[in-house]
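Asks: Chain order of the listed sequences is X and H. Numbered according to full-length UniProt numbering, the first sequence terminates at residue 568, and the numbering increases by one at each position without gaps. Numbered according to full-length UniProt numbering, the second sequence terminates at residue 127, and the numbering increases by one at each position without gaps.
Hints are computed from structural coordinates only; laboratory data are not their basis. Note that the coordinates shown come from a computational prediction; the quantities given were computed from them, not determined experimentally. Beta carbons are placed, not taken as given, at the ideal position from N, Cα and C, and that holds for glycine. Treat the hints with caution; some may be incorrect.
Incomplete in silico selection of chain X near chain H, CB under 7 Å [said to hold, decoys possible]:
hint: 1; residue: 78
hint: 2; residue: 80
hint: 3; residue: 83
hint: 4; residue: 85
hint: 5; residue: 159
hint: 6; residue: 217
hint: 7; residue: 218
hint: 8; residue: 221
hint: 9; residue: 319
hint: 10; residue: 468
hint: 11; residue: 471
hint: 12; residue: 549
hint: 13; residue: 552
Among the chain H residues that face chain X by a calculated CB cut under 8 Å, a handful are [what the hints assert, rightly or not]:
hint: 14; residue: 57
hint: 15; residue: 80
hint: 16; residue: 85
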Amino acid sequence: MAVIGEFAPTIALDGARKVRGNLTQNRIRWMILALVLGFSMVGGRLVQLGMVETDTTIEGQARDIITATRPPILDRNGMEMAVDIRVPSLFAEPRRIIDIEEAVQKLRTVLPNLSENWLRDRLTGDKGFVWLQRELSPAIEERIMRLGIPGIDFITESKRFYPGMTEASHILGSVNIDNQGIAGIERHMDGEDVALLQDLGLARGNALAPVELSIDMRVQHVMHEQLVDAIERYQAVAAAGVMVDIYTGEVVALASLPDFNPNDPRTALVKDSFNRITAGIFEPGSIFKTISIAGALDSGAVRINDQFDARFGVRFGRFTIDDFHGKHRILSLSEVYKYSSNIGTIRVMQAMGKDNYRAFLTTMGFDQRVPFELPEMRLPTVPKEFSEIGAATASFGHGLSVSPLHMVAAYGALTNGGNYIAPTLYKRDRAEAETLYRRVVQPSTSANIRYLMRLNALEGSGSQMNKAALGYRVGGKTGTAEKVVDGRYSSSKVTNFFASAFPLDNPRYAMVIMVDEPKAENPQTGTTAGWNAGHVTGRIVQRVAPMLGIAPDFSEILDRNIVPQILR
Amino acid sequence: MIRNLNIILIFTSVLMLSGVYALKFSIENTASERTALISQISAQEGELSLLKADWAVLNQPGHIDPIVRRHEMMLAIGPVKQEQFGSFAALRMRPAKPDNAGLDALFLSLDAGIDPIDAILELEGIE
Numbered sequence: 001m002a003v004i005g006e007f008a009p010t011i012a013l014d015g016a017r018k019v020r021g022n023l024t025q026n027r028i029r030w031m032i033l034a035l036v037l038g039f040s041m042v043g044g045r046l047v048q049l050g051m052v053e054t055d056t057t058i059e060g061q062a063r064d065i066i067t068a069t070r071p072p073i074l075d076r077n078g079m080e081m082a083v084d085i086r087v088p089s090l091f092a093e094p095r096r097i098i099d100i101e102e103a104v105q106k107l108r109t110v111l112p113n114l115s116e117n118w119l120r121d122r123l124t125g126d127k128g129f130v131w132l133q134r135e136l137s138p139a140i141e142e143r144i145m146r147l148g149i150p151g152i153d154f155i156t157e158s159k160r161f162y163p164g165m166t167e168a169s170h171i172l173g174s175v176n177i178d179n180q181g182i183a184g185i186e187r188h189m190d191g192e193d194v195a196l197l198q199d200l201g202l203a204r205g206n207a208l209a210p211v212e213l214s215i216d217m218r219v220q221h222v223m224h225e226q227l228v229d230a231i232e233r234y235q236a237v238a239a240a241g242v243m244v245d246i247y248t249g250e251v252v253a254l255a256s257l258p259d260f261n262p263n264d265p266r267t268a269l270v271k272d273s274f275n276r277i278t279a280g281i282f283e284p285g286s287i288f289k290t291i292s293i294a295g296a297l298d299s300g301a302v303r304i305n306d307q308f309d310a311r312f313g314v315r316f317g318r319f320t321i322d323d324f325h326g327k328h329r330i331l332s333l334s335e336v337y338k339y340s341s342n343i344g345t346i347r348v349m350q351a352m353g354k355d356n357y358r359a360f361l362t363t364m365g366f367d368q369r370v371p372f373e374l375p376e377m378r379l380p381t382v383p384k385e386f387s388e389i390g391a392a393t394a395s396f397g398h399g400l401s402v403s404p405l406h407m408v409a410a411y412g413a414l415t416n417g418g419n420y421i422a423p424t425l426y427k428r429d430r431a432e433a434e435t436l437y438r439r440v441v442q443p444s445t446s447a448n449i450r451y452l453m454r455l456n457a458l459e460g461s462g463s464q465m466n467k468a469a470l471g472y473r474v475g476g477k478t479g480t481a482e483k484v485v486d487g488r489y490s491s492s493k494v495t496n497f498f499a500s501a502f503p504l505d506n507p508r509y510a511m512v513i514m515v516d517e518p519k520a521e522n523p524q525t526g527t528t529a530g531w532n533a534g535h536v537t538g539r540i541v542q543r544v545a546p547m548l549g550i551a552p553d554f555s556e557i558l559d560r561n562i563v564p565q566i567l568r
Numbered sequence: 001m002i003r004n005l006n007i008i009l010i011f012t013s014v015l016m017l018s019g020v021y022a023l024k025f026s027i028e029n030t031a032s033e034r035t036a037l038i039s040q041i042s043a044q045e046g047e048l049s050l051l052k053a054d055w056a057v058l059n060q061p062g063h064i065d066p067i068v069r070r071h072e073m074m075l076a077i078g079p080v081k082q083e084q085f086g087s088f089a090a091l092r093m094r095p096a097k098p099d100n101a102g103l104d105a106l107f108l109s110l111d112a113g114i115d116p117i118d119a120i121l122e123l124e125g126i127e
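From just these sequences and the hints, can you work out the full model?
Replies: Quick look at the structure:
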């Protein structure tokens, strides 16, 4: 400190006020930094949360699809044929399960049928969602909830339920566990618009309008019951039947046995339980004679009072075609039909000409599938061109195979005044159907066919049928088609048909009944169609006609009025 | 002046804070009530769907028919026969005039204490 003064550094002291000011400024800076940091943390977290994609799918499927509902299906009188029920399904979130062993043991106290290893395997891991068991009952849901296992929960699914059980199985088809139609009308509905609605996630709740079918469950029940009875009574391998409204084409009843329980889709896989009405093709046998005679009458080549020589069999090279119940004399056209004469029908067809006959079969829709809603359909096999002998056998229903649905559609057209209308399973009124009519024969031909069918029930092979259905003016034609066994026609294995319409004074319904490989009910009866398919038809009409609003009438004047003027 | 304002502001903010909290809790309550209601509704809808399905089963002809069969004997019922149907045309016409003589005879016999219906009932074995 020797030198004081010279260039000594000056000491500048800030005043108290200034110091205070600086300190405040610093504090404010720190404060701002802290706030910015704080808000940027909040903001960053928000952005992060916004980026997270929540996984709403359940094992690869959108949740909406699993909880999607289907519209209820009603019969023509509003009775439920298929409804949705809400059922709980058990799932687990393995990543949230704390004690796997405990969860496994507890779950097995309620669901003992789950294997321990499988369950442990299922619950281990880091998955977000696994199904444990689907479609349980509310009671089981309650018991599992009481166990209080973390990471185990329920989701409410829609399950399809068919209150009619097996009765309308082939019409309804079934759905898989994800509620998608896999057969029958359920599958057709998916093709229409239900699938689209489900995809859009709109098919939830009970908002879907019910689908109304043309089926009458009462008639369906009677037909199903009678077919079950027929299989037992005649020890047949199968039986099937279909009834349509001939003016609207609405299918009133359709059953095919053996069938399955749509509530348990596994039963649908049982062998031989296919829909014989739509997906089975058979040689129709003598019920085809109605078609041949209608074609010949309509072409004008044959008139209702013509006579045909049935004294000798028809020879084609080495083959001779003869009659089953041979009369071997000159037959009138009504006798040809009544005695189901093969020779007579060949003569009728030959009068028309085989090419005209083939063209008529095309007109009647025997070349293609019947336009129908069910996905289970098969193409008929009718030769593109007929040889002389091919046309001859075809005239009495051999050498070609068609489905019973083809036959019922054809019989409908031949009895309703000559308009072909494709059958449908949906409700349709007459006005709507009339826009779809396609004329196939003249009304006069239709009237003649009605007469022939009624005549056959009164005097011919349909008389067995008429015993049960007296008063309901049923008429029809039997068909006993021999089956091909080892490349030959077998006389012991036959497929029997009965094609009918009622009440024939003013027909409303056409029906085809099929009984496959029947045996005689007792030694007094036979195995031809009149004894089985015919009887079944009679019994069905007897039960069903009053339900359909057809009163019995025994007055003979009605039957006399059906007879064409020229034959009276 | 400013002090007073500050005091007022502090009080209002405390008041508003408590108000906001009260609102929050009440909304939470309402939300949980709503959730409970939703789950109750869906549970009831589920029950309803089961009841509807039950009713549909009980209503099926296939379900009723076996019941009818079971009681057929006792109730003496059976499928309707063709002969059981009638029509209005089959009914007899009403007589043109009342049968005065017959009615007089009936009233006289009733006065005498004889009811012709009794005889019919006795004949049929109905008490």
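Asks: Would you settle whether the hint for residue 319(X) is holds or violated, based on the nearest Cβ-Cβ distance to chain H being less than 7 Å?
Replies: Constraint on residue 319(X) not satisfied, violated at 46 Å.
Asks: Does the nearest C-beta of chain X fall within a distance shorter than 8 Å of the C-beta of residue 80(H)?
Replies: This hint holds: residue 80(H) lies near chain X, its Cβ roughly 6 Å from the closest one there, short of 8 Å.
Asks: Can we keep the residue 78(X) interface hint, with Cβ of chain H closer than 7 Å?
Replies: Since chain H brings no Cβ nearer than about 10 Å to residue 78(X), farther than 7 Å, the hint is violated.
Asks: Measuring from the C-beta of residue 57(H) to each C-beta in chain X, is the shortest one below 8 Å?
Replies: This hint holds: residue 57(H) lies near chain X, its Cβ roughly 4 Å from the closest one there, short of 8 Å.
Asks: Please verify that hint: residue 83(X), Cβ, nearest Cβ of chain H, below 7 Å or not.
Replies: At 5 Å from the nearest chain H Cβ, residue 83(X) passes the 7 Å test, so the hint holds.
Asks: Mind checking the CB of residue 85(X) against every CB in chain H and telling me if the closest is under 7 Å?
Replies: holds, 5 Å
Asks: Can the hint on residue 552(X) be confirmed by a CB-to-CB distance to chain H that is less than 7 Å?
Replies: holds, 4 Å
Asks: Quick check on the hint: residue 217(X) CB to chain H CB, less than 7 Å?
Replies: holds, 6 Å
Asks: Hold the hint about residue 85(H) up to the distance rule: shortest CB distance to chain X must be less than 8 Å.
Replies: Result: holds, 5 Å to nearest chain X Cβ.
Asks: Have a go at the residue 549(X) hint: is there a Cβ in chain H nearer than 7 Å to its own Cβ?
Replies: With a closest approach of 12 Å, the residue 549(X) hint is violated.
Asks: Against chain H, is residue 159(X) within 7 Å by beta-carbon distance?
Replies: violated, 9 Å
Asks: Mind checking the CB of residue 221(X) against every CB in chain H and telling me if the closest is under 7 Å?
Replies: Where the cut-off is 7 Å and the nearest Cβ of chain H is about 4 Å from residue 221(X), the hint holds.
In the structure shown, a violation is registered for the earlier hints numbered 1, 5, 9, 10, 12, in ascending order.
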